[in-house]
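Student: Each chain, letter by letter, is given below.
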Amino acid sequence: MKFYNIIIILFLFSIKIKSQDTIKVNANLSPAQLAEQDYNNGIEALKRNDFESAVNMFNNSLASNPSFDKALANRAVAYTQLKNYNLALLDINRAITLNTYNPEFYFNKSLIFFSQQLLDSQSVALENCLKINPAHPEACYYKGMLHYEFKEFDKAIEYYTKAINSKPNYVYAYNDRGSAKREKSDYTGAIADYEKALTIDNSLFFILNNLGSAYRLNKNYSKAIETYSKALQKKPSYLIALSNRGAAHFENNNLKAAQEDFEAVLKQDPKNAYAYNNLASIAIKNKDYKKAKEMASRSIEFDPKNGPAFYNRGIARQMLREEEGCCSDWKKALDLGVNDAKMFINATCLD
Amino acid sequence: MKNLFFTLTFSFFYAFLFSQSVEFEKDNFPGRKDELKAARKQLEIGIEFYSNGRQEFDEFKKTFISEHRYCPVSHYDYQKAGHQNFRSAISPLGEAQKFNPNNARLNYMLGFISFITDPSMPQTLTYFETAHKLNNQVEPDLLFWLGWTYHLNSKWDDAIKNYQLYLNSGNKKNPAETEDIKKKIEECNNGKKFSATPERVFVDNLGANINSSYPEYGPSISTDEEMIIFTARRDNSTGGKREENDGGFYEDLFVSNKQAGKWQPAKLLSKNVNTEFHDAAAGLSPDGSKLYVYRHSGRDGGDLYETVLFGADWEPPVHMNKNINTKYHESSVSLSFDGKRLYFVSDKESGLGDRDIYYSDMDVKGEWGPAKSIGTIINTKFSEEAVFMHPDGVTLYFSSKGHNSMGGYDIFKSTLVNGLWTTPVNLGYPINGPDDDVFFVISGSGNRAYFASSKTGGYGEKDLYKITFLGPEKMPLLNTQDQLMSMIANPVSNLKTENAVTIASAKLTILKGVVTDAKTSAPLESSIDLIDNDLNIVLATFKSNSTTGKYLVTLPSGKNYGIAVKREGYLFHSENFNLPDDMAYQEFTKNVALKKVEVGNTIVLKNIFFDFDKYTLRPQSGNELERLSKLLNDNPTIKIEIGSHTDNRGSDEYNLKLSGNRSKTVVDYLISKGFSASRLVAKGYGESKPIDSNDTEDGRQNNRRTEFKILEK
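The listed protein sequences derive, respectively, from chains H and U.
According to the working numbering, the stretch in the first sequence is residues 1 to 351, in order.
According to the working numbering, the stretch in the second sequence is residues 1 to 713, in order.
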């Protein structure tokens, strides 16, 4: 669930801008027109990410026209950005009371819940949105995301497909559908979706990385390495692609090339815990268990929650005859979600 | 000129090939007449001993072949053939060798003696290689012995080459010898194959508390690996006598217990067990309470004895009955987890080969019944030895000189599937090697094993070693990252998992603990019934130790077990273990504090089962109800309350009614068995008296219970 903490708020913003556009106003202002003028100023403030000013503007607007549903809906957006979710929810509910059939209001409500990680409530709000507009592309997309998060990949694919049908150039929907297919081990389907996403927008290097990973998982290492390299051409500092290319080399049994990539990651980011762990993996393959232990320990030093590093250090310690250390590492790895450690613990650590 | 060159070259090679062996002749040792004379004298003495020994050896081999229709497979088979003469020859031949190390025949003789008496000595190979270099035709069978020495040194290709050369040579061989060479070539091929893909194991010497400069072998371990009993031939053996044949001390049994994970200094078992003759460890029951001893005092081929641990000492061993012991050699015993079947080894005439594995089932009188061969899937025309039935009840380990051995005895595993043994599987290299690998016992978990080996780096002669199985190679885990969902600003870390490897571990549960008096905490000897709840039968009865109160019961997966701990004058204690077929190895420690039959004491009847949400007794409750009946019979004055309890699901009223009905069902059962209703009170407590949390399934299960309480005595 942690990814909900780090959503791209821009997306939320773009929804608001799209659904609640500015209104033209005349010089001789009636209260309604004044409300609209303040509303427009509020929208401008939102665009500047000046959320407190936006709230003030929408306050003014609503003082002139208390039943101005769009002003309520946008103040809810400003409150959401200010993490004042209670007031945001109050406003969006009032907006919905004033205009029950605006699907965007329900969608914005769903995003307020999304921001609070209230996934069940988010789901209900999305369903209400989709009842009014079953083809609402963003609602379909977010519904797909929810299913993805709950590991219901078939349902996720279904909603991403609906989003794509409503918005054929929906690049993120293609990417995410590709990822859902990857989760189902349908790497060919994933590759097709990532490639389609890249034909829509080839500047998105993270999709290139995803495509590389789909090739890697499909054991097409040459294509994987080629694709990661393309991502690196687009953004040479993209360490994720560099590290993943190393992984592709590793899985292709080219340990020398893998080591070069992992060491290159460390050159740019000397505290990269993943690179240290990946070097530990190479050392294990080379049966250099002392080095493996050292590398995994460095990884743990920089990321104390890196389960694979504990797992790898456990392997190294077992071979170095440090039985207690090996078992405590595998137990820690298991606590951190590395389920493979369980059978080793059962087999080795009963004492 | 050209002719001269050829003549010189030919002469040189001729000299190199055939004349390098330096004979004990005066021309070869100018000016050393007296030394030569002394050396010749030593050589003469040595040759006499050697020739006598060789004659005995050849006679032994001939007899062996006529009895078995094949050649001795292991060099140990020859250990008693000409042994004394060979040992007597070592010193004089050694003296002669010091004077003249380049005599082919002398090197051959010394190599041969070294091979027969101790082929692990590095000089064996040196002698044979030197003899071969000096004159490769010094003895017709040199290639065979050189091949076998390479074989024992795991030099597979050199061994095959020499075996092949000997096979193809014109040297006269009988069919058994030809078959033996072919078998040895096959063993080398097996060795090549297995050593190319070695098993991942750690092999550790058990240390100075167990091993000594004398031979240690034949380990037996308790299922929980807390006790090891083994055979040693040390200078402190009972009686301190040496055996005539090989000059070693007589065998005795030693024991060591583990404390804080470390083996304590091994001690001789008492004179109850050890005599002044051969007393060797033949096997230990899974719970460690019965020990099988091999004794050989020269009257027959050697017999098996059983002794029981009483308190801290073993009772005097009892000779096993005629279904087990014969006039032949019986050795190596393994008892099934329930103590109802005994596997053992005998070389009696009816066997398929030299030594075979047999089993005997316990009859209704508790006696071992007629022995039956374990069958041709396991037994071969060669020898089988050191049988070990794992406490999981289905996995058999044994040593064999047949099957796809790498040489001598190798250790094999076979599994009982639908009543049939699977084809034995060689445990692989380095567990097995070209020499004898025998006396292998494996822990309850299946992850460790113990065996004896003469490998270098030990404390001398054979030592005991521990094998730790590491399982298949573990693939390291990479960290990779992908930004799988577009709306996420930061990438999601994705664990890249290589294909998982499966580690096979025994499907077995070990239950162990201490039985004590609930009031005084004094250890109690008690009987422990192991019950198959589905069949309602007592599978086996064990005893806790009278001095320590310790007990150990092994429970193979795949059954619903009831455990009843009983002692006269005490309330019985019951436990239930429902172990699905795929339940992996686990250990439970359950200390049991038995309560006396006194007013106010309560016990939980863990093997009384009701249908879900009903008050109908399930058939699996039969044994527990019988125990309850027996308690009432044995204590005719007691009055008891049967109290049932529920968890907190359902309404109070419903739970109260259900528990009341359940108590009444038990009481009605007891009345139907003839007990007076006046001695029985049924009470339902519903959810009012929980003994555990109702927030977890385990806790709720503990709360759903039937108890009985003594109201009057």
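Quick caveat, the hints were computed from the structure, so don't treat them as lab data.
Some hints could be false.
[What the hints assert, rightly or not] Okay, the calculated beta carbon distance ranges per label pair:
| no. | chain 1 | residue 1 | chain 2 | residue 2 | range |
| --- | --- | --- | --- | --- | --- |
| 1 | U | Phe588 | H | Glu226 | 33 to 41 Å |
| 2 | U | Thr63 | H | Asp288 | 34 to 42 Å |
| 3 | H | Lys342 | U | Asn245 | 26 to 34 Å |
| 4 | U | Pro472 | H | Gln117 | 49 to 57 Å |
| 5 | U | Glu199 | H | Glu226 | 20 to 28 Å |
| 6 | H | Gln117 | U | Glu626 | 38 to 46 Å |
| 7 | H | Glu226 | U | Thr376 | 53 to 61 Å |
| 8 | H | Lys151 | U | Lys455 | 22 to 30 Å |
| 9 | U | Arg649 | H | Lys47 | 35 to 43 Å |
| 10 | H | Lys47 | U | Thr696 | 34 to 42 Å |
| 11 | H | Lys342 | U | Lys455 | 49 to 57 Å |
| 12 | H | Lys342 | U | Leu416 | 54 to 62 Å |
| 13 | H | Ala192 | U | Asp611 | 40 to 48 Å |
| 14 | U | Ala522 | H | Lys151 | 55 to 63 Å |
[As the list claims (entries may be wrong)] Taking lysine-lysine and the BS3-like style, the derived pairs with C-alpha atoms no more than 25 Å apart in a straight line are:
| no. | chain 1 | residue 1 | chain 2 | residue 2 |
| --- | --- | --- | --- | --- |
| 15 | H | Lys285 | U | Lys193 |
| 16 | H | Lys287 | U | Lys566 |
| 17 | U | Lys241 | U | Lys267 |
| 18 | H | Lys331 | U | Lys595 |
| 19 | U | Lys455 | U | Lys519 |
If you're wondering where the values come from, they're calculated on a predicted model, not measured in any experiment.
For glycine and all other residues, C-beta sits at the position ideal for the given N, C-alpha and C.
Student: Now tell me if each hint is right for this structure.
Tutor: These are the hints, each one checked on the structure:
no.	hint	in the structure
1	U:Phe588 <-> H:Glu226: 33 to 41 Å	violated (55 Å)
2	U:Thr63 <-> H:Asp288: 34 to 42 Å	violated (56 Å)
3	H:Lys342 <-> U:Asn245: 26 to 34 Å	violated (53 Å)
4	U:Pro472 <-> H:Gln117: 49 to 57 Å	violated (41 Å)
5	U:Glu199 <-> H:Glu226: 20 to 28 Å	violated (40 Å)
6	H:Gln117 <-> U:Glu626: 38 to 46 Å	violated (58 Å)
7	H:Glu226 <-> U:Thr376: 53 to 61 Å	holds (59 Å)
8	H:Lys151 <-> U:Lys455: 22 to 30 Å	violated (52 Å)
9	U:Arg649 <-> H:Lys47: 35 to 43 Å	violated (57 Å)
10	H:Lys47 <-> U:Thr696: 34 to 42 Å	violated (53 Å)
11	H:Lys342 <-> U:Lys455: 49 to 57 Å	violated (34 Å)
12	H:Lys342 <-> U:Leu416: 54 to 62 Å	violated (28 Å)
13	H:Ala192 <-> U:Asp611: 40 to 48 Å	violated (55 Å)
14	U:Ala522 <-> H:Lys151: 55 to 63 Å	holds (56 Å)
15	H:Lys285 <-> U:Lys193	holds (23 Å)
16	H:Lys287 <-> U:Lys566	violated (54 Å)
17	U:Lys241 <-> U:Lys267	holds (18 Å)
18	H:Lys331 <-> U:Lys595	violated (39 Å)
19	U:Lys455 <-> U:Lys519	violated (53 Å)
Against the hints set out earlier in the document, violations occur for numbers 1, 2, 3, 4, 5, 6, 8, 9, 10, 11, 12, 13, 16, 18 and 19.
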